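> In the order they appear, the protein sequences are chains A and B.
Under numbering that gives the first Met the number 0, the residue at position 8 of the first sequence is numbered 7, and the numbers go up by one with no gaps.
Under numbering that gives the first Met the number 0, the residue at position 6 of the second sequence is numbered 5, and the numbers go up by one with no gaps.
It is worth saying that the hints were derived from the structure and are not from the lab.
As the structure is a prediction and not an experimental result, all values here were calculated from the model.
Do not take every clue at face value.
Okay, derived cross-link-like pairs now, DMTMM-like style, lysine to aspartate or glutamate, Cα gap no bigger than 20 Å in a straight line [claimed, not checked]: (1) A/LYS258 with A/GLU333; (2) A/LYS367 with A/GLU327; (3) B/LYS23 with A/ASP281; (4) A/LYS81 with A/ASP50; (5) A/LYS291 with A/ASP281; (6) A/LYS462 with A/GLU338; (7) A/LYS462 with A/ASP281; (8) A/LYS369 with A/ASP382; (9) A/LYS258 with B/GLU19; (10) A/LYS367 with A/GLU338; (11) A/LYS291 with A/ASP456; (12) B/LYS89 with A/GLU333; (13) B/LYS89 with A/GLU370; (14) A/LYS291 with A/ASP362; (15) A/LYS367 with A/GLU340; (16) B/LYS89 with A/ASP362; (17) A/LYS369 with A/GLU340; (18) A/LYS367 with B/ASP85; (19) A/LYS81 with B/ASP85; (20) A/LYS462 with A/GLU297; (21) B/LYS23 with A/ASP366; (22) A/LYS462 with A/GLU296; (23) B/LYS89 with A/GLU327; (24) B/LYS89 with A/ASP366; (25) B/LYS89 with A/GLU340; (26) B/LYS23 with A/GLU370; (27) B/LYS89 with A/GLU296; (28) A/LYS367 with A/ASP382; (29) A/LYS81 with A/ASP362; (30) A/LYS369 with A/GLU379; (31) A/LYS367 with A/GLU379; (32) A/LYS369 with A/ASP303.
Residues from chain A shown here face chain B by an in silico Cβ test under 8 Å; the list is partial [to be verified]: (33) THR47; (34) VAL56; (35) LEU80; (36) VAL91; (37) ASN95; (38) GLY107; (39) ILE111; (40) MET350.
Heads up, the beta-carbon is just placed ideally off N, CA and C, and yes, glycines get one too.
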Amino acid sequence: MDSVFINFIYLIASVFFILGIRGLTHPRTAVQGNLLGAGGMLLAVIATLLDQQIFGVGFNTYAVILGGLILGGAIGATVALKIEMTAMPEMVALLNSFGGGASALVAGAVLIGLANLSTQTTVATAFSGLIGSVTFWGSLVAFAKLRGILLPDDPVIFKGQQLLNGALGLAAVALGAMVVAEPGTIGFYVGLVCLSSVLGVLLTIPIGGADMPVAIALLNSYSGLAAASTGFVLSNNILIITGSLVGASGLILTRIMTKAMNRSLINVLVGAIAKSGGTKTDSDAVYAGRVKNTSAEEVAMLLDGARRVVIVPGYGLAVSQAQHQVRELASLLETRGVEVEYAIHPVAGRMPGHMNVLLAEADVDYDKLKEMDVINSSFEQTDVSIVIGANDIVNPDARTNPSSPIAGMPILNVDQSRTVVVIKRSLSPGFAGIPNPLFAADNALMLFGDGKQAVLDLVAAVKETA
Amino acid sequence: METFIPLLTIFMLAVFVGFEVITKVPPLLHTPLMSGSNAISGITIIGALLSTASSSRATVILGFLALVIATINVVGGFMVTHRMLDMFRKKD
Chain A
0 MDSVFINFIY
10 LIASVFFILG
20 IRGLTHPRTA
30 VQGNLLGAGG
40 MLLAVIATLL
50 DQQIFGVGFN
60 TYAVILGGLI
70 LGGAIGATVA
80 LKIEMTAMPE
90 MVALLNSFGG
100 GASALVAGAV
110 LIGLANLSTQ
120 TTVATAFSGL
130 IGSVTFWGSL
140 VAFAKLRGIL
150 LPDDPVIFKG
160 QQLLNGALGL
170 AAVALGAMVV
180 AEPGTIGFYV
190 GLVCLSSVLG
200 VLLTIPIGGA
210 DMPVAIALLN
220 SYSGLAAAST
230 GFVLSNNILI
240 ITGSLVGASG
250 LILTRIMTKA
260 MNRSLINVLV
270 GAIAKSGGTK
280 TDSDAVYAGR
290 VKNTSAEEVA
300 MLLDGARRVV
310 IVPGYGLAVS
320 QAQHQVRELA
330 SLLETRGVEV
340 EYAIHPVAGR
350 MPGHMNVLLA
360 EADVDYDKLK
370 EMDVINSSFE
380 QTDVSIVIGA
390 NDIVNPDART
400 NPSSPIAGMP
410 ILNVDQSRTV
420 VVIKRSLSPG
430 FAGIPNPLFA
440 ADNALMLFGD
450 GKQAVLDLVA
460 AVKETA
Chain B
0 METFIPLLTI
10 FMLAVFVGFE
20 VITKVPPLLH
30 TPLMSGSNAI
40 SGITIIGALL
50 STASSSRATV
60 ILGFLALVIA
70 TINVVGGFMV
80 THRMLDMFRK
90 KD
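Next up, chain A with everything else stripped away, as it sits in the complex (with noise of 0.2 Å):
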């Protein structure tokens, strides 16, 4: 097939892509702008295999490539499937990495393949290696994190780290530039894979639990800079039209996460919160003889003379599964005719997003998921706000104590409400590692356990009251 004719229908296909993300501005036209992409990718592959390079080799490349596309297809569709909505970051975290590592391999069978490189080609081919390899490596320890294997949740943080780091993207670069002066030896690019392989996982261990939302943002901006680099390897309009926006999607969203947490991109790389600056505040000298318990019955009643109900989801919410629990406490008020809405805090959760996917998962309307901006100003005419499993996002240290490490973050106002109910195992500090004033607060209860269970707990007093 003629190649402008293939180059046209690439052309049709990038069309797809943009309108494809345009479409996921409004849930309404979401599923259909997702549709739109997988046809533009359906599109992008059937030109592909008609093109002269691939159309006539014959059988055996023809059965080389259904076998991959038929065992990706099924490992892809199956875990698809299967994964649960609560371990959502986790997927998106594999997903990144195995199209970071596709960048990486592309890049090498390139070179291996192809004699007389030119040097757009070898520069390329190091920087697809460089970023493909950070992305597949870096992912594959997020997610790791996320599913609690091998690594720990908290950041791994040891003494040189940075000077490490320094050295070794130093000498990534030096023999990224060997591959360009000698692309003839395959050596120095399996030498640059492996550096930056080193380099993933050490620039991925220092990010610890509530920073993840930064970090798996900013790999999926990675895997599309991969993927547009693969693009200047291959001279292909396509890769670099795709690869460029799906960047500006992670660049767009680390920047929001960071923001949300009134941090640098560099703080939260280097994992500084677990390292702490500011002051540290006593434990015992916020909490002692200050915090109040109590029970499932005394919430109900409290419930039961609510007008304005709402509930902060925090990464617990995730962890104990509630979201169904949270969305039967919910219409079992609305049946009463208290009006129920939930804040949502950007970095709740471990993934841009997290907390939306859950509730929308237990059937919530979207229109009762509030932004923090949104929702901020309504919780003085808020009668109950229940906090559950959520902690350095509804703590008011961030507005009121300047030398706070957390000094700064916008926060969910919950505090501001006449009574707040927080579900939480125990006082233990969130992922600051800071207590929690409101937890001490006049207007604040405190109702320890299990999420699913207290909230399971609740459902049941409420309908006592009746």
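Got chain A; can you put chain B on it based on the hints?
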């Protein structure tokens, strides 16, 4: 080098298009945006396909490996995004 500048031009323009479109995606849909854009970044599948057609055995092997993981990325990404977006549909 003569193809480099046109390619770079396309890259830069696409970055701007990306910024324009993606800033309009609401936080509500940030997770599907990530998984969906992830699936799209599996476009490297095209490079993998082309590599499998090489006469060099090593290239074919690398191309095949790339093809498998890129396909997981593409199929898994679009399907899981669809599953999520389906939940955001208005219930009547």
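> Which hint numbers doesn't this structure obey?
The structure breaks hints 1, 3, 4, 7, 14, 27 and 32; every other hint is satisfied.
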